[in-house]
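Novice: Chains as they are written, first to last, in this note's numbering: chain A, 1 to 268; chain B, 269 to 538; chain C, 539 to 879.
Bear in mind the hints are in silico, worked out from the structure with no lab data behind them. These numbers come from a predicted model, not from an experiment. Ideal Cβ placement from N, Cα and C applies to all residues, glycine included. Careful, some of the hints might be misleading.
[To be verified] Partial list, derived from the structure: chain C residues whose beta carbon lies under 8 Å from chain B:
| no. | residue |
| --- | --- |
| 1 | 590 |
| 2 | 612 |
| 3 | 638 |
| 4 | 665 |
| 5 | 855 |
| 6 | 856 |
[Said to hold, decoys possible] Here are the simulated SDA-like pairs of lysine to any residue, each with C-alpha atoms no more than 20 Å apart in a straight line:
| no. | chain 1 | residue 1 | chain 2 | residue 2 |
| --- | --- | --- | --- | --- |
| 7 | C | 635 | B | 532 |
| 8 | B | 474 | A | 45 |
| 9 | C | 635 | B | 374 |
| 10 | A | 10 | A | 128 |
| 11 | C | 635 | B | 324 |
| 12 | C | 635 | B | 474 |
[Stated by the list, open to error] Pairwise CB distance ranges (calculated):
| no. | chain 1 | residue 1 | chain 2 | residue 2 | range |
| --- | --- | --- | --- | --- | --- |
| 13 | A | 263 | C | 731 | 27 to 33 Å |
| 14 | B | 298 | A | 132 | 20 to 26 Å |
| 15 | A | 202 | B | 294 | 35 to 41 Å |
| 16 | B | 497 | C | 566 | 32 to 38 Å |
| 17 | C | 656 | A | 96 | 42 to 48 Å |
| 18 | C | 656 | A | 263 | 27 to 33 Å |
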Amino acid sequence: MPADLRTYLKLVRAGFAKQAHYRLAMLAGLGTNLVFGFIRAAILFAAVTSAGGSLGGYTVGTISSYVWLSQGLLGAIELSGRAEVGDRVRTGDVAVDFIRPVDLQTWHLAEDMGRAAYTLIPRGLPSVLVGALTVGLVLPRTPLPYLLGLVSVVAGVAISFYCRYAVNVLGFWLLDTRGVRTLYTVTSTFLAGLFVPVSLFPSWLHTVAYWTPFPSILQIPVNVLSGRDAGVDAAAALLMQGGWLIAVCLVGRALTNAGRRQLVLNGG
Amino acid sequence: MGVETSAWSPYRAVLASRLRAQRAYPVGFVLDVLGSLLVGLVELAEVWVIFSNVRVLGGLDFSAILLVFGLSNLTFSLADLFVGHLDTLPTYIRAGTLDAFYLRPLPVLGQLVTSELELRRISRIAVGAAALAAGLAATHASLDLRNVVLLVLAVVFGTAIFAALFVCAASVQFFLINGAELTNSFTYGGSYAASQPASVFPGPLKLLFGYLVPVVFTAYLPTLALLGLPGPAGLPAWLAWLLPVAALWVWGVALVLWRWGTRHYQGGGG
Amino acid sequence: MTSGDAAAAADPVGEPIIEVADLTRTFTVRRRGNGRGRRVRTTIAAVDAMTFRVSPGEAVGYIGANGAGKSTTIKMLCGILVPTSGRVRTCGLDPLKHRRELSRRIGVVFGQRSQLWWDLPLRESFSILAAIHRLDGAAAGRRTEELVEQLEMADTLDTPVRQLSLGQRMRAEIAAALLHSPDLVILDEPTIGLDVLSKARLREFLIGERAARGTTLLLTTHDMGDIERLCDRVLVVDHGRLAYDGTLPGLAGTVGAQRVLVVDLTHPTGDLTGIPGTSHLGSEADGLRQRLGFDAEATTAADVLAAVADRADVRDLSIEEPDIEDVVRRIYRSGGGTSPP
Chain A
1 MPADLRTYLK LVRAGFAKQA HYRLAMLAGL GTNLVFGFIR AAILFAAVTS AGGSLGGYTV
61 GTISSYVWLS QGLLGAIELS GRAEVGDRVR TGDVAVDFIR PVDLQTWHLA EDMGRAAYTL
121 IPRGLPSVLV GALTVGLVLP RTPLPYLLGL VSVVAGVAIS FYCRYAVNVL GFWLLDTRGV
181 RTLYTVTSTF LAGLFVPVSL FPSWLHTVAY WTPFPSILQI PVNVLSGRDA GVDAAAALLM
241 QGGWLIAVCL VGRALTNAGR RQLVLNGG
Chain B
269 MGVETSAWSP YRAVLASRLR AQRAYPVGFV LDVLGSLLVG LVELAEVWVI FSNVRVLGGL
329 DFSAILLVFG LSNLTFSLAD LFVGHLDTLP TYIRAGTLDA FYLRPLPVLG QLVTSELELR
389 RISRIAVGAA ALAAGLAATH ASLDLRNVVL LVLAVVFGTA IFAALFVCAA SVQFFLINGA
449 ELTNSFTYGG SYAASQPASV FPGPLKLLFG YLVPVVFTAY LPTLALLGLP GPAGLPAWLA
509 WLLPVAALWV WGVALVLWRW GTRHYQGGGG
Chain C
539 MTSGDAAAAA DPVGEPIIEV ADLTRTFTVR RRGNGRGRRV RTTIAAVDAM TFRVSPGEAV
599 GYIGANGAGK STTIKMLCGI LVPTSGRVRT CGLDPLKHRR ELSRRIGVVF GQRSQLWWDL
659 PLRESFSILA AIHRLDGAAA GRRTEELVEQ LEMADTLDTP VRQLSLGQRM RAEIAAALLH
719 SPDLVILDEP TIGLDVLSKA RLREFLIGER AARGTTLLLT THDMGDIERL CDRVLVVDHG
779 RLAYDGTLPG LAGTVGAQRV LVVDLTHPTG DLTGIPGTSH LGSEADGLRQ RLGFDAEATT
839 AADVLAAVAD RADVRDLSIE EPDIEDVVRR IYRSGGGTSP P
């Protein structure tokens with residue numbers, strides 16, 4: 001077991017190091033984050049002001065936090081349906097991966113964790129910083145929300161990975177996963193609360209959203225980090241994330257096993 | 269092979285062939301169309317969710333916002349239809365297709381633009397047009413000559429503005445390998461900004477999207493002019509009549525950037 | 539008056555179809571120096587002060603190791619790449635300034651890359667190209683038919699290009715490049731990956747095309763068979779510099795590569811050493827078969843045979859030409875020393 005853990009830690013580090021070659025793309029991604037952040041902030045500020053200063057429990061300050069935290073986490077969360085494993089399934093190279101003594105899903109999880117960690121540096125922190133320095137935002141003054149928030153972010157990144165993994169593993173059966181991935185991207189960004197906080201959804205849509213793992217990917221980590229969900233609410237939020245984490249992970253594993261059988265039966 | 273040898277026939281030939289190629293994959297095509305439709309509907313839903321919480325945003329109610337949404341989506345999707353594939357320029361470079369363009373007696377940009385026509389954008393165009401129609405009905409906007417002219421200007425030059433942004437984005441790809449990440453900020457960022465009431469923008473943002481990357485001209489300003497609303501400080505409604513000027517400005521920049529880009533490519537930056 | 543103009547003035551034959559004078563193309567390469575973070579910028583000359591001229595109707599082979607500068611030169615001839623310095627004129631035109639006019643007069647085939655429309659039937663690629671080159675409908679039809687027949691592509695016309703085999707695709711690319719009957723055809727590695735039969739057919743077609751239209755041919759290849767069959771002139775480029783410009787047999791002579799006379803004698807004889815102009819390479823079967831190497835520039839096979847016949851009875855003979863690969867390798871070695879970047 002310890003040997004396996006060391007291997008996975010190495011993979012995390014590899015995922016982290018790989019991003020160092022894409023510094024320019026990271027900076028560009030930060031630019032896009034900031035542009036969208038300013039636009040969203042402008043819209044949501046106007047919405048809150050129009051509602052009399054409080055909208056769905058958000059003030060101008062707290063909705064600013066929501067905007068900048070969510071923009072900052074975008075790089076790590078990766079809401080588009082892309083996953084490296086998808087390319088390997090498409091080209092058939094995945095057959096080689098199955099021979100290796102490393103679990104396919106966990107291996108890619110480890111690399112994705114490293115990748116996500118890296119993005120926090122050029123995209124995550126600067127987004128929050130810019131937001132704070134320009135339009136201002138409200139952040140908790142105690143350490144607990146940040147600690148819980150970190151756990152929540154890690155859980156959110158993992159859930160996002162497991163979802164994308166499951167979508168891409170469908171490539172064992174689908175010739176081209178582009179359609180499914182587009183569908184995933186559109187649905188996930190909407191229901192994760194990227195453009196509008198989920199709590200502002202009309203109640204029926206709100207229910208629909210929470211029947212999916214998507215709010216647990218972005219909305220929940222932002223809520224916990226900003227202190228909006230605190231105490232019991234934070235505990236409940238983390239518990240829900242845990243539940244989704246296990247559920248999506250298991251779906252991915254089931255699909256992988258089925259896909260592996262498919263590969264063996266049909267010769268790849 | 270007819271006897272026609274007009275200047276447009278090579279472009280027509282390539283476009284016709286692209287249409288035929290897409291007909292060859294009907295299932296994939298239908299899925300793509302549905303996907304695009306979903307994207308359009310979800311974007312509309314995002315606007316609608318905000319308006320389920322507030323009645324007025326930036327001085328516009330939901331029916332007026334429908335106009336803004338409709339115009340911006342329609343013009344962006346039309347531009348996407350014609351030149352959306354330009355941001356895959358790195359693929360053309362890697363495959364040697366760009367070099368093949370240089371070996372033909374046609375302008376390179378012209379060949380690039382006509383090399384593809386993604387029909388699946390049709391559904392987003394439909395969503396935009398439907399929202400525009402709904403907005404016109406809901407706001408009871410009178411369709412007199414002035415307003416019709418305004419709408420035509422908005423659709424034609426709005427599409428031109430977004431098309432120019434795509435050309436700028438492609439030009440940037442000559443210099444940066446992963447340039448797509450950077451250009452997304454003004455192509456897709458511009459599209460997003462265009463669908464919002466610019467009155468909510470702070471000064472710098474008004475300057476950016478009102479004058480530098482003038483996407484505000486594609487939907488918000490025409491909506492103001494259509495409804496007879498005055499417009500915020502710095503962006504008066506009568507600016508809508510200067511749509512052609514805005515389009516000229518962006519296209520000027522786009523062609524200069526394209527020139528730089530191709531020079532760089534021929535200078536060995538490929 | 540530049541040196542190019544002076545040379546043109548002195549040449550009574552007429553304007554060259556390719557004219558390259560002191561053509562240079564450098565690239566700056568940024569490499570990580572010793573230790574992290576220090577980037578060392580080095581300038582590499584992919585093409586270094588090349589000078590040569592090609593007259594209309596010639597068939598020129600352009601050979602060199604990978605990375606020696608062949609593709610770079612071709613790109614500059616076509617206007618895809620800007621020279622760092624020097625002068626290039628193709629069909630009398632500046633490729634950069636008159637790209638479009640030039641593209642009507644040249645046809646280019648890049649072996650590794652396709653100029654056809656990947657997912658459409660081959661027939662459509664031809665019709666689109668005909669439209670692009672503004673070819674008159676009836677003439678285009680005749681020309682396509684002619685090319686299809688000569689390249690034996692009738693049964694592939696309705697196949698999407700991506701489904702064609704490599705041999706079929708290469709033939710299609712060449713047909714596409716020749717559709718508008720250009721004055722100059724540039725082929726970059728056209729026979730790479732083809733089997734022997736396909737290569738032979740392609741070569742015969744190019745010979746026929748040249749004979750019929752007087753098309754100038756510039757061919758880069760690693761296959762010496764292509765050069766031997768198609769070209770009357772060879773340019774050898776090494777590390778961006780022109781190492782040799784002349785005929786193929788002359789090439790062998792330049793590096794002192796030898797032709798070999800193999801004689802079968804009626805009786806076992808001692809080693810035939812000491813024949814002027816030859817070196818004794820070996821004897822087999824007790825001297826029944828002997829191999830004598832000789833320099834093609836210094837003596838002839840006939841003279842060597844006469845000298846051998848003076849000393850022994852010759853029953854049979856054959857001549858081995860120098861291995862062209864070996865010859866080219868020698869040229870590279872003598873020219874450079876370090877491997878290409």
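Novice: Of the hints given before, which are not true for this structure?
Specialist: 1, 2, 5, 6, 10, 11, 12, 14, 16, 17
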